[in-house]
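Visitor: Okay, here's what each chain looks like letter by letter:
Number of protein chains: 4
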Amino acid sequence: MFIVMHQGHTERELADILEQLAHMGFAGHVSQGVERTVVGVVGQTFPELKETLEMWPGVEEVVPISKPHKLSGREFQPKDTVIKVGDVTIGGESVVVIAGPCAVETEDMLLEAARAVKAAGASILRGGAFKPSTSPYSFRGLGMDGLKFLAQASRETGMPIITEVMSPQDVELVSRYSDILQVGTRNMQNFALLDEVGKTKKPVMLKRGLSATIQEWLLSAEYILAQGNRQVMLCERGIRTFETFTRNTMDISAIPIIKKLSHLPIIADPSHGTGKWYLVTPMSMAAVAAGADGLMIEVHPSPEHALKDGAQSLNFNNFQQLMSRVIPVAASVGRKMA
Amino acid sequence: MFIVMHQGHTERELADILEQLAHMGFAGHVSQGVERTVVGVVGQTFPELKETLEMWPGVEEVVPISKPHKLSGREFQPKDTVIKVGDVTIGGESVVVIAGPCAVETEDMLLEAARAVKAAGASILRGGAFKPSTSPYSFRGLGMDGLKFLAQASRETGMPIITEVMSPQDVELVSRYSDILQVGTRNMQNFALLDEVGKTKKPVMLKRGLSATIQEWLLSAEYILAQGNRQVMLCERGIRTFETFTRNTMDISAIPIIKKLSHLPIIADPSHGTGKWYLVTPMSMAAVAAGADGLMIEVHPSPEHALKDGAQSLNFNNFQQLMSRVIPVAASVGRKMA
Amino acid sequence: MFIVMHQGHTERELADILEQLAHMGFAGHVSQGVERTVVGVVGQTFPELKETLEMWPGVEEVVPISKPHKLSGREFQPKDTVIKVGDVTIGGESVVVIAGPCAVETEDMLLEAARAVKAAGASILRGGAFKPSTSPYSFRGLGMDGLKFLAQASRETGMPIITEVMSPQDVELVSRYSDILQVGTRNMQNFALLDEVGKTKKPVMLKRGLSATIQEWLLSAEYILAQGNRQVMLCERGIRTFETFTRNTMDISAIPIIKKLSHLPIIADPSHGTGKWYLVTPMSMAAVAAGADGLMIEVHPSPEHALKDGAQSLNFNNFQQLMSRVIPVAASVGRKMA
Amino acid sequence: MFIVMHQGHTERELADILEQLAHMGFAGHVSQGVERTVVGVVGQTFPELKETLEMWPGVEEVVPISKPHKLSGREFQPKDTVIKVGDVTIGGESVVVIAGPCAVETEDMLLEAARAVKAAGASILRGGAFKPSTSPYSFRGLGMDGLKFLAQASRETGMPIITEVMSPQDVELVSRYSDILQVGTRNMQNFALLDEVGKTKKPVMLKRGLSATIQEWLLSAEYILAQGNRQVMLCERGIRTFETFTRNTMDISAIPIIKKLSHLPIIADPSHGTGKWYLVTPMSMAAVAAGADGLMIEVHPSPEHALKDGAQSLNFNNFQQLMSRVIPVAASVGRKMA
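Chains as they are written, first to last, in our numbering: chain R, 1 to 338; chain X, 339 to 676; chain C, 677 to 1014; chain S, 1015 to 1352.
To be clear, the hints were calculated from the coordinates, so they are not data collected in a lab.
Check the hints yourself; a few may be wrong.
To spell it out: a stretch of chain C is covered by chain X in this simulated footprint if at least three of its residues, at any positions, have a beta carbon under 8 Å from a beta carbon of chain X; those stretches are [said to hold, decoys possible]: (1) 724-735; (2) 909-921; (3) 946-958.
Keep in mind that this is a model prediction, so the values were computed, not measured.
For each residue, glycine too, the CB sits at the ideal point set by N, CA and C.
Bound conformation, chain R alone (with noise of 0.2 Å):
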């Protein structure tokens, strides 16, 4: 971070800064140019300080150069993180997908749902227990049933299961049943989560907030990192935008953007992302094309009897689709599917 003087600043006033930089455990260097003095700002910096600094008589502009995210990015650590959940492994060479219903109905429905997308090459189940819904009249999922079906599915196909965590409280509770953890979209910046996460031993997947930037993003994971839980997975689910013919706009971009940041596993949800059925085999095309390392599909026997997000799952069939679709796209980049 430095600092970037006016131009008609004091004496006074630098003096001032170095001295305050200095009270604050910083220590500061200054570069006189021609038309502006620069005062170098060395220490542990944090992003609120840019707009502490400028505040003080005689500043122009802060800026900051380090970048506020460290365990999470690529100078911390070059190599990608790969994540093994049982037989499966994720970051590394194999696409994975990971499918399953919005939300947990019944055991049969669940099931019937885990069969299907194992045999079309599913290798993790996904199913929600506790639903987030915006509005408190709406299906807010079975609870601790959903989790025990989920339990039984996963003993019954061999699939590992990934469930959200709502709240600080159900992560011992969902981390029994689980293996992976889910914070979704509205919890990202859930800070109490996010270090409850952080202090279990399951992997985590931190999907990207509804208008959270990939900074923000990064800065979350950066809260489960911090409590020493390294197996963190990013899910991109589309963002909120003034367009409204889908549910969000799904940002592609983001995947090898993180790809370039950082060195965590990103997953791509076209579901949420897009909010239409139609849409999800190009998009998940387009996530595979443009270096994801997993997708996450919703599918339901039965969209159409759905209690929630009917209109952007597949069936088994549009899903088996998907997957014939999907392969040859992973393999043109040099990927397999898990």
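For this one, chain R is given, so just place chains X, C and S on it according to the hints.
Guide: Here is chains X, C and S on its own, set in the frame of chain R:
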């Protein structure tokens, strides 16, 4: 909610739809037009129903008629909700001013700020003990100590206090110290937290999410109301747009919209809404002119040394000026400043 | 503008940069800090320069210091621009009200509206002869006839008129009839049109683009100013966000921001800014409280029969009420209504 | 379009509505449901009609059924539009690559770029003669000289050319030199320009506006089609969102959406779509996987010295790599590169 059928729908499709609706507990009433068949759906519908029904064969479009929020709506309660906190009335004739530092930093600083804002006309003291922060490496608040300092400042000045609660586990603790519970922007859809504050008897201030629509905001209020806590006030604090000059774009129109749709009091927070101290006074004036029931203003003894959000904080002198400029605007719309 | 070098840059890279800068007509001044080398760039820089320089080997980041707008800036002209149109003064002590129908529909209707808004206190008549419309199948205005009706209404009422010009070819024609030329939202970056209105001697109202930043807006004003026409006023009319309740999100903060950055008058258009007639009065009050120099209001004898934008138009009675509520707000901020 | 009446509407209100509709040339057909009365509106409706009708007494909501775009829709023409430019086919089996510098800078540089992109597999040459620029002080293109250099490069390489036209007056001039007319982002709703290019016999590429919805984009295409020019191709080039890491957020989902709604070819521009050269190749791969009919890529002999958009331009070597990576992706979706 009603269903518009495709022009070429079959009798079988229509019959199936009526059967399915009955199966889900709804009644369906068919209207045959010249060009279109329309099915009225009678029963307690919810937002997600639309997308499910739109997947049914023969359906062109589903149109929700009833608004999804109920307890927060003017239809449910035409009369304004008025909240009493100690001697202070929120949502009544007077415009209430809530002021204080973004974060509680030290006991002395808080007391100094509390006395200054009271002297200038504020009637409720704000201050963060638990601070949400995008980065785990930034200042995250004094926690328990911050709560105690707030309680002490309240005793010394007689002002009720408001502070943020960030986790369901903390609700009981924070309720012991604070007169009003604040649910922050990043937690507007933290449904576990909404349920929990809904179970208390404390007034709750619900800030609008960074990219929340007004309907989603009211639905989050609905979570609290549905738990039995009817003392909810809303706070507009800026939404995320493409504009980068301001930290957020403050949506002043949300004020008259909330007044029209809902009976809940609406507070404006121009400090977060703009992110720049010199915009706080004009935006406060605009908010009061548009009908806000209160203002929440960040005030710091020395903003240029604030640990958080200094750039948007007023010093004591600027806060006095704000009050002197807002009072005549309030008078011009027939209101007093509390 | 200055260049921050990478920590490990070579001497050769630095020498190359200085040579390139000289080649482009800039002087480069090197400041050696402890951790970073910074090169100040002296000369007439422009926004695109940043991204070009950031591609040069050894460069970490390029930081623009000087603001890209010049003639529109307070640095260039500290004193407010005041525009005289007939007897009306825009940008002075009084708040000006521009009112009239969205589109000129018939001569009678325009005259009726003109008399009504004048009687209620408006001082400039608005009305569209050439109407931008998203669909080629919608009403696109009366064109030449509309201009004549406007001129006639001006003669009968004595009010100056403002109407939109949509194409460089039409600038001369519209200038013959209209006292103020309006450049619409969709043409804010129609640079050929900006150049053309800049060559006239008519005052120009430049509306903010649907998704224009404040800086881009001022740069578009700069196009007009740079052609020699200094009679430019800006008009905030709402920006595009994710919120769907309102047609646009009116950015009231743009008013004090423009007042700070620029000397140009700023008008508020709450009709387009909200798209709902019942929000027009509260948003007018907010705009005036925030410092707007004028209001532009759509008024129609019978909004429910308007060919365009009826939903956001006031009838005569509602417009009178608007005036009666705005006048005290203007007084509370020390201004009169013209 | 149909009208949903309020629950408590009067017979008189209904009668008035039917009369008004008749007066406007529409037929109204009443369907009486149990809870609601619905009036079907038959005739050539348009988007603005909805808001007008919603103002009528007794009306709850107006629901448009028919899509507002006609000539651009799949209903009007189920078969894909295929555009022939010289030997090049756009919208057919092959994926077309359009490449060249952002702006024509010198004749030599253009020729060098033209030869290089042709050798690497591009089939159409791009280059700006008239350049839109947010600032009047930035480079605005060589104008006439640029057109001549483009024509010369076309003769030497045999490649058709595409260049932007910014003003209705320039359409004839640019048509004399260019094989394809480009309407830029900032002019997507410059209706005078759309009308004018619609009157030519030249193929037109219509770029999506910075904040245009897909429906608005198709309606702008409709302007051109309605003038008789059926050779229209669309170009997705990123939309404006809150994310600041990229220059725009490229909406890859627009590709399959356009393919579904319209018969017009869709081209992807990842150079403007991202603003960063290192994202251009992965986003090109994503676009082709999602079904794009072509790519438009900025290539410059020496991007670090480009007068415009250097940061998003590929050098020759990087462009060759792009081609070698995109070809297998195209093959994986059953397409060749032209």
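Visitor: All the hints need checking, so say for each whether the structure fits it.
Guide: Now the hints, each set against the structure:
Here's how the segment 724-735 of chain C fares: 0 of its residues keep a CB closer than 8 Å to some CB of chain X, so the rule of at least three is not met and the hint is violated. Under a criterion of three residues with beta carbons nearer than 8 Å to beta carbons of chain X, the stated coverage of the segment 909-921 of chain C is upheld, 6 such residues being counted. For the segment 946-958 of chain C, the stated coverage by chain X holds: 5 residues have a C-beta nearer than 8 Å to a C-beta of that chain, and at least 3 were required.
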